[in-house]
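S.K.: These are the residues of each chain, in order.
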Amino acid sequence: MPLENHEKARFLIHRDLVEGISLEDRRWLDAHVGQCAECGRYADLSARAVRALDWFAVELDPAAALRVENVVRSRAEGMRSAEAHAKSLWIGTAAAIFLTFTGSAVTWGPLAWLASQWNVPSRVWQIGFAAFWLLPSLMLALLPLFRRRLLGEHSDSKGRTI
Amino acid sequence: MTAFSRMAESESQCIARALRRRDSEFIGRMVSRYHYRLLRYLVYWTSRREQAEDLVQETWLRVLERAGQYNGRLRFEPWLFSIARNLAIDHLRKQQTAMHRMCREDEAGVDLPAPDFESPFFAAARSEDAKRIAAALGALEPIYREALLLRFQEELSLAEIAQVAGAPISTVSSRIHRGLSMLQAALGGGADAA
Numbered sequence: 005m006p007l008e009n010h011e012k013a014r015f016l017i018h019r020d021l022v023e024g025i026s027l028e029d030r031r032w033l034d035a036h037v038g039q040c041a042e043c044g045r046y047a048d049l050s051a052r053a054v055r056a057l058d059w060f061a062v063e064l065d066p067a068a069a070l071r072v073e074n075v076v077r078s079r080a081e082g083m084r085s086a087e088a089h090a091k092s093l094w095i096g097t098a099a100a101i102f103l104t105f106t107g108s109a110v111t112w113g114p115l116a117w118l119a120s121q122w123n124v125p126s127r128v129w130q131i132g133f134a135a136f137w138l139l140p141s142l143m144l145a146l147l148p149l150f151r152r153r154l155l156g157e158h159s160d161s162k163g164r165t166i
Numbered sequence: 006m007t008a009f010s011r012m013a014e015s016e017s018q019c020i021a022r023a024l025r026r027r028d029s030e031f032i033g034r035m036v037s038r039y040h041y042r043l044l045r046y047l048v049y050w051t052s053r054r055e056q057a058e059d060l061v062q063e064t065w066l067r068v069l070e071r072a073g074q075y076n077g078r079l080r081f082e083p084w085l086f087s088i089a090r091n092l093a094i095d096h097l098r099k100q101q102t103a104m105h106r107m108c109r110e111d112e113a114g115v116d117l118p119a120p121d122f123e124s125p126f127f128a129a130a131r132s133e134d135a136k137r138i139a140a141a142l143g144a145l146e147p148i149y150r151e152a153l154l155l156r157f158q159e160e161l162s163l164a165e166i167a168q169v170a171g172a173p174i175s176t177v178s179s180r181i182h183r184g185l186s187m188l189q190a191a192l193g194g195g196a197d198a199a
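One line per chain: the protein sequences are X and G, in this order.
Each residue of the first sequence is one higher than the one before, starting from 5 at the first, in my numbering.
Each residue of the second sequence is one higher than the one before, starting from 6 at the first, in my numbering.
The reader is advised that the hints may include incorrect statements.
As the list claims (entries may be wrong) - In silico SDA-like pairs for lysine to any residue, Cα to Cα no more than 25 Å straight-line:
# : chain 1 : residue 1 : chain 2 : residue 2
1 : G       : Lys-136   : X       : Asp-58
2 : X       : Lys-91    : X       : Pro-148
3 : X       : Lys-91    : G       : Arg-80
4 : X       : Lys-12    : G       : Gln-168
5 : G       : Lys-136   : X       : Ala-61
6 : X       : Lys-91    : G       : Ala-21
7 : X       : Lys-91    : G       : Arg-26
What the hints assert, rightly or not - A few chain G positions that, by computed beta-carbon distances, are all more than 12 Å from chain X:
#  : residue
8  : Ala-21
9  : Phe-31
10 : Glu-58
11 : Val-68
12 : Asn-76
13 : Gly-77
14 : Ser-87
15 : Asp-95
16 : Gln-101
17 : Ala-103
18 : Arg-106
19 : Pro-147
20 : Ala-172
21 : Gly-184
22 : Leu-185
Said to hold, decoys possible - A short, non-exhaustive set of chain X residues, derived as facing chain G with CB atoms under 7 Å:
#  : residue
23 : Glu-23
24 : Gly-24
25 : Ile-25
26 : Ser-26
27 : Leu-27
28 : Ala-53
29 : Val-54
30 : Met-83
The hints are simulated quantities; they were obtained by calculation from the structure and are not laboratory data.
We treat Cβ as the ideally placed atom computed from N, Cα and C, and that holds for glycine.
Start from the sequences and build out the full structure, keeping to the hints where you can.
M.R.: Structure, rendered in C-alpha cells:
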C-alpha cells in the first residue's frame, strides 16, 4: 500500500476528530482502516486520547462554589444600586439645569424692566444676575454629581465606594 | 436559521439582558451553572486548583464589569472563556515576574519556600494510562491543553475556540492536532511498553 495512503488516513483520522470530514472522505477512510491494521490502531489511539481527557474531572467544592455565587450576587446588587443611584443623580441634575435656565429666561424680562426703572446700567445688572442667580443655581444643580469628590469619597468601576 | 441556533440566540440574548440589568438572581444561577466548566478550564490553564478557584471569582466580577460589551449575538461560553483566559494569562505573567524576582533574591541569599506543587492532573489520575496522560497533559503548554479542552470537552467549534484564543482558526486547528498527537504518543508509548 503506498505510503501516501497511510499519511492521508492519519490526517483524516485527526481531522475527523477535530472538525469532521466529508462523506466521501469517510468512505475512503473506513475502507482504508478496514484493510490497514496500523492505521486502525492509530484511529483507536486517537479516540482513546480524546476519551482520556474525561479522566481528569475536577472535583467540585460546593462550599467554594456557593461562596463565589454569593460574592458575585452581592457585587451585582451593589452595582445595580450604584447605577440606579447614578441614574437618578443624572436625571435630577438634568432637571435642575433645565429649571435653572427656564427660571432665568422667565426672570430675565422683569429684571431688565426693573433695572431700566432704577436706571441701573445693563452690564451691571447682567453681571449681578449671572453672579447671584445663574451661577448659584448651576452650582446647586451640579453639586450632587461632585458630592462624593468634594467629600473625598470615590466610587470605583465596580460600584464600590472607597 | 435552525431551531437550535434560534434557541441558542434567545438564550444568549437573555443572558445579555440579565447582565445589563444586573439581575442578581439570574447571575447567581449562571455562576452556579458554569462553575464547574470555568473551574476546569482554569485548572487546565494554571495547573493549580487554588489559583483556578480564585480566578473563577475574578472572571465573574470581570463579566459584571464588562456586561455592556456582551450583546448576546454570539454564544455566551466563548465570551466567558475569553475573559477567563485573559485573567489566567495576566495571573501567569505576574507569577512569572514574581518567580524571576524571587530567583534573583535567592541568588542574593534569601531562603525560598519549597514548592508544594502537585499537578491536578496527577491528583485525578487513577490508572497507569491516566498517569501517562497526566504526564503528557502536564508537559503540554497551556495553549495546547486549552485547545484540547475547548474542542473535546466544551465542544466549541473551531471558530469559537479561535474567538476565545484570539488566534486564527488554522492556528487553533494545529494546536489541537499537536496536543492530540502528544496524548496519543503518551498512550501509544504505554501500549508499546505493555
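S.K.: Could you run down the list of hints and mark each one as holding or not?
M.R.: Now for the hints, and whether the structure bears them out:
Restraint check for G:Lys-136 and X:Asp-58: the C-alpha separation of about 13 Å stays at or below 25 Å, so the hint holds. For the suggested pair X:Lys-91 and X:Pro-148, the alpha carbons sit about 12 Å apart, so the restraint of at most 25 Å is met. Using a Cα cut-off of 25 Å, the hinted pair X:Lys-91 and G:Arg-80 is violated, with the two alpha carbons roughly 30 Å apart. Between X:Lys-12 and G:Gln-168 the alpha-carbon distance is near 29 Å, which puts this suggested pair outside the 25 Å criterion.
Simply put, G:Lys-136 and X:Ala-61 have alpha-carbon atoms about 14 Å apart, close enough for the 25 Å limit, and the pair holds. The suggested pairing of X:Lys-91 with G:Ala-21 holds, with an alpha-carbon distance near 20 Å, which does not exceed 25 Å. With a C-alpha separation of about 13 Å, the suggested pairing of X:Lys-91 with G:Arg-26 holds against the 25 Å cut-off. Its beta-carbon lying about 14 Å from the closest one in chain X, G:Ala-21 satisfies the requirement of being farther than 12 Å from that chain.
Distance check for G:Phe-31 against chain X: the nearest CB is about 9 Å away, which does not clear 12 Å, and the non-interface claim fails. For G:Glu-58, the non-interface assignment is contradicted: its Cβ lies about 5 Å from the closest Cβ of chain X, within the 12 Å cut-off. Against the 12 Å criterion, G:Val-68 falls within the reach of chain X, whose nearest CB is about 8 Å from its own CB. Chain X leaves G:Asn-76 outside its interface by the beta-carbon criterion, the shortest separation being 18 Å against a cut-off of 12 Å.
Even its closest Cβ contact with chain X, about 17 Å, leaves G:Gly-77 beyond 12 Å, as expected for a residue assigned away from the interface. With a cut of 12 Å on Cβ distances, G:Ser-87 stays outside the contact zone with chain X, its closest approach being about 18 Å. Look at G:Asp-95: its CB is around 16 Å from the nearest CB on chain X, clear of 12 Å, so calling it non-interface holds up. In this structure G:Gln-101 is separated from chain X by more than 12 Å, as the shortest Cβ-Cβ distance comes to about 24 Å.
For G:Ala-103, the requirement that its beta carbon stay farther than 12 Å from each beta carbon of chain X is met, with the minimum near 24 Å. The Cβ of G:Arg-106 lies farther than 12 Å from every Cβ of chain X, with a closest approach of about 28 Å, so its non-interface assignment holds. The non-interface label for G:Pro-147 is consistent with chain X: the shortest C-beta to C-beta separation is roughly 14 Å, beyond 12 Å. Chain X leaves G:Ala-172 outside its interface by the beta-carbon criterion, the shortest separation being 15 Å against a cut-off of 12 Å.
Against the 12 Å criterion, G:Gly-184 falls within the reach of chain X, whose nearest CB is about 9 Å from its own CB. A beta-carbon of chain X is positioned within 12 Å of the beta-carbon of G:Leu-185; the least distance is around 6 Å. Because the closest C-beta pair between X:Glu-23 and chain G is about 6 Å apart, less than 7 Å, the hint holds. Nearest Cβ of chain G to the Cβ of X:Gly-24: about 10 Å, over the 7 Å cut. The hint is violated.
For X:Ile-25, the shortest C-beta to C-beta distance to chain G is roughly 13 Å, which exceeds 7 Å, and the interface hint is violated. With a cut of 7 Å, the hint placing X:Ser-26 at the interface with chain G is violated, because the nearest CB-to-CB distance is about 16 Å. A cut of 7 Å between beta carbons decides the hint on X:Leu-27: the least distance to chain G is about 20 Å, and the hint is violated. Against a cut-off of 7 Å between C-beta atoms, the interface hint on X:Ala-53 holds, since the closest Cβ of chain G lies about 4 Å away.
Checking X:Val-54 against chain G by beta carbon gives a least distance of about 5 Å; that is within 7 Å, so the hint holds. Of the supplied interface hints, the one on X:Met-83 holds, with its beta-carbon coming within about 5 Å of a beta-carbon of chain G, less than 7 Å.
Figure legend: structure checked against the earlier numbered hints; hints not met, in rising order: 3, 4, 9, 10, 11, 21, 22, 24, 25, 26, 27.
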